[in-house]
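**Q** For the record, the sequence lines run as chains A and B. When you line the first sequence up against the working numbering, it's residues 1 to 239, in that order. When you line the second sequence up against the working numbering, it's residues 1 to 239, in that order.
Think of the hints as simulated: they come from the structure by calculation, not from any bench. Do not rely on the hints blindly, as some may be mistaken.
Which copy is meant is left open, because identical chains are indistinguishable; a pair holds if it fits in one copy or across any two.
Straight line, CA to CA, 30 Å or less: simulated DSS-like cross-link-like pairs of lysine-lysine [stated by the list, open to error]: (1) Lys206 / Lys152; (2) Lys152 / Lys61; (3) Lys60 / Lys152; (4) Lys88 / Lys4; (5) Lys89 / Lys182; (6) Lys182 / Lys204; (7) Lys182 / Lys60; (8) Lys149 / Lys4; (9) Lys206 / Lys61; (10) Lys204 / Lys23; (11) Lys182 / Lys72; (12) Lys88 / Lys152; (13) Lys72 / Lys204; (14) Lys152 / Lys89.
There are 2 protein chains.
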Amino acid sequence: MASKVRLYVEQALGEGQTVSLEKEQAHYLFGVMRLTEGTVVSLFNGRDGEWDAEVAQAGKKAGTLVCVAQTKPLQMPPDLWFYFAPIKKDRTDFIVEKAAEMGAARIIPVQTDFTNSGRVNVERLQAHALEAAEQCGGTYVPEVGEMEKLAKVLDHWDESRQLMFCDEALVGAQEVLMGAGKGPWAILIGPEGGFSEAERVRLKSKPYAHSVSLGPRILRADTAAVAALTVWQQLLGDW
Amino acid sequence: MASKVRLYVEQALGEGQTVSLEKEQAHYLFGVMRLTEGTVVSLFNGRDGEWDAEVAQAGKKAGTLVCVAQTKPLQMPPDLWFYFAPIKKDRTDFIVEKAAEMGAARIIPVQTDFTNSGRVNVERLQAHALEAAEQCGGTYVPEVGEMEKLAKVLDHWDESRQLMFCDEALVGAQEVLMGAGKGPWAILIGPEGGFSEAERVRLKSKPYAHSVSLGPRILRADTAAVAALTVWQQLLGDW
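With the sequences and hints as input, model every part of the structure.
**A** Written as structure tokens, this is what we have:
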């Protein structure tokens with residue numbers, strides 16, 4: 001059996017609710033996937049959980065669906081923010097996709113002293129996060145924020161949120177995370193060159209910031225992203 | 001300071017040992033990286049640890065280096081084999097890169113009932129594993145094996161090796177891994193469509209096979225690869 005098509009929509013979802021498709025969505029469902037009237041697809045909007053919806057009208061540039069029944073309640077991810085220094089385009093896209101799949105609640109590109117990439121296309125990254133949410137069966141889409149400077153992020157940090165940053169630390173992640181415990185957290189992944197000495201000193205001076213080790217090999221930033229999210233989800237998150 | 005160039009070579013390494021470069025290596029060091037005589041680079045061969053070596057002769061198509069001092073002993077990864085069902089080319093390359101970075105000892109593509117890709121280019125995958133080893137500072141390069149059929153792999157399984165496979169399990173990885181304990185292990189990552197019912201039944205009948213959950217969201221195969229390796233390394237490996 002082919003799996004049901006899963007689609008993010010903006011509109012409200014509820015029993016009997018009619019959902020009008022945008023042009024690209026209609027093209028995808030009826031042009032690419034060749035769905036016909038009566039087919040059931042899966043919808044979510046980040047607020048109302050997941051719904052089975054039946055194709056009521058299928059056109060080349062438009063279409064409507066009618067919600068039949070809720071299949072999943074809204075499941076919010078843990079309160080975990082994910083800061084990362086953008087790297088090459090492909091790997092940045094990949095990092096955002098992985099953060100969404102792994103259940104980060106917010107994703108924020110951050111400019112550090114050794115970040116080469118001065119700009120990111122937030123819309124493109126948001127589209128990647130959305131596609132990842134469609135794929136992974138989540139009912140929530142993490143918001144991708146505008147790029148911020150690390151110094152400014154730290155200036156305005158809410159100290160009730162713990163921060164795990166991955167560095168050449170001697171302390172294993174398990175000890176650090178279990179010691180600091182549950183609550184709001186953030187993960188910070190630096191660029192390929194790591195953090196500058198000034199950043200390191202500043203981070204280490206903060207009571208909420210915890211340096212953790214991710215093993216004896218040097219991980220690429222995209223690998224470190226998934227590894228750090230795994231460690232956090234497994235020890236403190238919803239796994 | 002720019003970081004030292006790190007290169008895998010086939011030859012033996014030892015104090016005063018002269019290493020002749022192959023044509024592509026000479027092109028990379030002297031054409032691309034513009035290194036000159038006297039520059040020190042980092043060499044490893046998967047057997048003799050890591051060595052500082054000085055450029056003795058730099059030509060466009062050839063060159064020699066002389067080993068100066070050992071900078072790291074050989075560090076073998078834990079006895080962890082990594083079986084995975086190949087997916088799309090890019091993501092397959094990515095999985096191999098990640099498995100090498102994360103410290104798998106052997107990497108073996110495996111054909112399952114729902115594997116679309118019937119062939120893999122083992123040489124290309126081996127080159128990815130090698131490049132990942134160069135990047136991550138490891139002194140060991142995992143061997144990439146020829147693709148095998150899952151059924152055949154299980155027919156010839158050495159039962160002293162535990163197998164963790166990622167499935168829609170109810171049991172968390174921590175409980176399973178800590179329960180089974182240290183020793184030789186393997187990880188098996190299925191294709192995007194998961195395992196077939198027949199495969200699932202067969203795997204579950206094996207005393208050495210352990211089904212584990214990687215959280216409430218459905219992870220793509222490449223994400224699952226890094227997440228599974230992280231969980232294993234953290235609980236039973238060298239992190």
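**Q** Each hint: holds or not?
**A** Hints, verified against the model:
1. For the homomeric pair Lys206 and Lys152, the shortest alpha-carbon distance inside one copy (14 Å) is at most 30 Å, but the shortest distance between copies (54 Å) is not.
2. Taking the closest pair of Cα atoms, Lys152 and Lys61 never come within 30 Å of each other, the shortest separation being 45 Å inside a single copy and 49 Å across copies.
3. Taking the shortest Cα distances, Lys60 and Lys152 never come within 30 Å of each other, neither inside one copy (47 Å) nor across copies (47 Å).
4. Taking the shortest Cα distances, Lys88 and Lys4 sit within 30 Å of each other only across copies (21 Å), while inside one copy they are farther apart (33 Å).
5. When the C-alpha separation of Lys89 and Lys182 is checked against a cutoff of 30 Å, the pair qualifies neither within a copy, at 33 Å, nor between copies, at 39 Å.
6. Taking the shortest Cα distances, Lys182 and Lys204 sit within 30 Å of each other inside one copy (20 Å), while across copies they are farther apart (34 Å).
7. For the identical chains of this complex, Lys182 and Lys60 are neighbours neither inside a copy (49 Å) nor across copies (57 Å), given an alpha-carbon limit of 30 Å.
8. Taking CA atoms no more than 30 Å apart as the test, Lys149 paired with Lys4 passes between copies only; the shortest distance there is 29 Å, against 41 Å inside one copy.
9. Taking the shortest alpha-carbon separations for Lys206 and Lys61, neither the intra-copy value of 54 Å nor the inter-copy value of 52 Å comes in at or below 30 Å.
10. In the homo-oligomer, the alpha carbons of Lys204 and Lys23 never lie at most 30 Å apart, since the shortest distance is 50 Å inside one protomer and 46 Å across protomers.
11. Taking the shortest alpha-carbon separations for Lys182 and Lys72, only the intra-copy value of 26 Å comes in at or below 30 Å, while the best inter-copy value is 38 Å.
12. In this homomeric assembly, Lys88 and Lys152 come within 30 Å of each other (Cα to Cα) only inside a single copy, at 23 Å, whereas the closest approach across copies is 40 Å.
13. In the homo-oligomer, the alpha carbons of Lys72 and Lys204 lie at most 30 Å apart only across protomers (28 Å), although the nearest pairing inside one protomer, at 42 Å, exceeds that limit.
14. In the homo-oligomer, the alpha carbons of Lys152 and Lys89 lie at most 30 Å apart inside one protomer (24 Å), although the nearest pairing across protomers, at 40 Å, exceeds that limit.
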